[in-house]
Amino acid sequence: MRARNAVWWLVLLVATVFYAVPMLAMARFAFQRIPVIKLSWGNVFDKWTAAPLVETLRNPDFHRAGLLSLGLAVATAALTVLLLVPTMTFAHLRSPRMRRFIELSSVLPFVVPAIALVIGFAAAFRDTAPIFVRSSFGMVPLLVITALPFTHRTIENGLSSLDLRTLADASRSLGAGWNRTIWTVIAPNIRGSIATASFLALTVVLGEFTIASLLLKNTLPLYLAYAQGQNPQGAFAVGLSLTALSAVFIALANRFGGTRPGSRQQR
Amino acid sequence: MVAGPSKRRARHLVFLPYFVFLALFLIWPATFVFVRAFQQGDAPRNPMIEAMTGQFRGAFVYSLQISLSSAAIGLVVGSLVAVAIVRLDHVRALRSTVVGYSSVAANMGGIPLAFAFIAAFGMQGLATRLLREVNIDLIGWGFRITDFWGIVLVYLYFQIPLMTLVLVPALDGLRRTWQEAAQSLGASSAQYWRFVALPILTPALLGGFLLLIANAFSAYATAYALSSGGSRLVPVQIRFFLQGNTITGKTNLGYAMAAWMVIVTALLVLGFQLLVRRSEKWRS
Numbered sequence: 001m002r003a004r005n006a007v008w009w010l011v012l013l014v015a016t017v018f019y020a021v022p023m024l025a026m027a028r029f030a031f032q033r034i035p036v037i038k039l040s041w042g043n044v045f046d047k048w049t050a051a052p053l054v055e056t057l058r059n060p061d062f063h064r065a066g067l068l069s070l071g072l073a074v075a076t077a078a079l080t081v082l083l084l085v086p087t088m089t090f091a092h093l094r095s096p097r098m099r100r101f102i103e104l105s106s107v108l109p110f111v112v113p114a115i116a117l118v119i120g121f122a123a124a125f126r127d128t129a130p131i132f133v134r135s136s137f138g139m140v141p142l143l144v145i146t147a148l149p150f151t152h153r154t155i156e157n158g159l160s161s162l163d164l165r166t167l168a169d170a171s172r173s174l175g176a177g178w179n180r181t182i183w184t185v186i187a188p189n190i191r192g193s194i195a196t197a198s199f200l201a202l203t204v205v206l207g208e209f210t211i212a213s214l215l216l217k218n219t220l221p222l223y224l225a226y227a228q229g230q231n232p233q234g235a236f237a238v239g240l241s242l243t244a245l246s247a248v249f250i251a252l253a254n255r256f257g258g259t260r261p262g263s264r265q266q267r
Numbered sequence: 001m002v003a004g005p006s007k008r009r010a011r012h013l014v015f016l017p018y019f020v021f022l023a024l025f026l027i028w029p030a031t032f033v034f035v036r037a038f039q040q041g042d043a044p045r046n047p048m049i050e051a052m053t054g055q056f057r058g059a060f061v062y063s064l065q066i067s068l069s070s071a072a073i074g075l076v077v078g079s080l081v082a083v084a085i086v087r088l089d090h091v092r093a094l095r096s097t098v099v100g101y102s103s104v105a106a107n108m109g110g111i112p113l114a115f116a117f118i119a120a121f122g123m124q125g126l127a128t129r130l131l132r133e134v135n136i137d138l139i140g141w142g143f144r145i146t147d148f149w150g151i152v153l154v155y156l157y158f159q160i161p162l163m164t165l166v167l168v169p170a171l172d173g174l175r176r177t178w179q180e181a182a183q184s185l186g187a188s189s190a191q192y193w194r195f196v197a198l199p200i201l202t203p204a205l206l207g208g209f210l211l212l213i214a215n216a217f218s219a220y221a222t223a224y225a226l227s228s229g230g231s232r233l234v235p236v237q238i239r240f241f242l243q244g245n246t247i248t249g250k251t252n253l254g255y256a257m258a259a260w261m262v263i264v265t266a267l268l269v270l271g272f273q274l275l276v277r278r279s280e281k282w283r284s
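Protein chains in written order, with my numbering: chain A, 1 to 267; chain B, 1 to 284.
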């Protein structure tokens, strides 16, 4: 038994090395001022510095890109919640068929790759409603769509775990309207799922490149791609920080409940 | 109180905003791609046909080869990791750590991932250097992070964990009693895996494989950053045809390639959905 477990430990070891090496290499490149050629066991711990990161954080171009990405992320999360929570609550309460239909529609974004979606979007809206293509926040609906498979799943899990009908009936019989029922009774009860969905939306937006790139909007990932040529150390440092940040977001999303990918509770 | 037809219609009005949103920002753009893809204009051939010939067909073949290779390796390695987690489940915090990191890595991609692999396996990469110390000369063997196997290697960073995430619930669905039943009937461990576990896991494995192909096929940012925009992959080519409008009458070719992409991913995702439904039959 022991010997056979050793095989599985070896599998995990290889996987860990594969997962860790690129991140370590990126960290070393970003924060250590020694070229790889001159690196040896004698100087592995020398000349580590946060200066490239600090310099980039002070760069006004970075500020502009960062603020835009942050604004897009918040707008996307907000629109996602506004759109999904009422629709899915009503589907749960009134129509199981509609619920299935919404679930089916939520995987559609997987069917249309981002590159196809964005060129279709640009072509469709350029002549009819150019504001969506020109304004930076016009891409928010596309980001909502891109995050939909993930956000739908978490809110669906949250709603399924509630006794929605009792909650809604109690709230309604006490005289609350639908608006009040949804936002002050049901939403607080699925706050974990709403937080999870928001974190997932944030993660998707902070990493999204294709849509922003084709619409020529200078979000954080676009800034990174541009800065790679100008100041590679700074760009890699920000790239690593961004990766760490999205890791934290996903960890938070897992913690808050909703979906726990791969865990036993998930169905 | 009996709801009349008009009242019933009103009850369904609440779903309108969601579906209008979907229609406007997903269905309409996708339809537009197909409309443009079939517009021939002055071109001698329909763009949809043109996109399947010559160099354009080559781009699809190249993209699919990369997707298939990374999906096949991801399937094997990701499944092994999943089995390892389930086998070593008695070790505290092992499952949550590996599954947690997998859900992070499966969502990685784009520019930072390209950076990480350039830093590790680029010409001056850390891993390249370390491997050279033990006489494994990647660059000397012709390995380039921007080439076929380089891109496959980078894609594995999100393919392996995605496969792990797909398979772990399916493995959890294998009942201990099935193994005991097989054993009590005299089956060896190998026979149990071959004749009981594997057939039950097949839909999950196949479904995961299709999902991985679709995943790699629609990836854009990583390849773009690795190659600084010069890759032969289909998504990068689409951008080239839409922006470099120098060749007249070829604009719709970009839409045609995008339309073919939608067709391919649609088939893959459909297959995945059907197979997952089958694999869930065993768990209830």
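Think of the hints as simulated: they come from the structure by calculation, not from any bench.
Where hints are given, some of them may not hold.
[As the list claims (entries may be wrong)] A few chain A positions that, by computed beta-carbon distances, are all more than 10 Å from chain B:
id	residue
1	P35
2	E55
3	D163
[Unchecked claim] On the chain B side, residues computed to face chain A include the following (Cβ under 10 Å):
id	residue
4	F15
5	L198
6	A221
All residues carry an ideal CB built from backbone N, CA and C; glycine is no exception.
Worksheet entry | Structure versus earlier hints - violations, ascending order | Checked against the structure, the hints that fail are numbers 1, 5, while the rest are satisfied.
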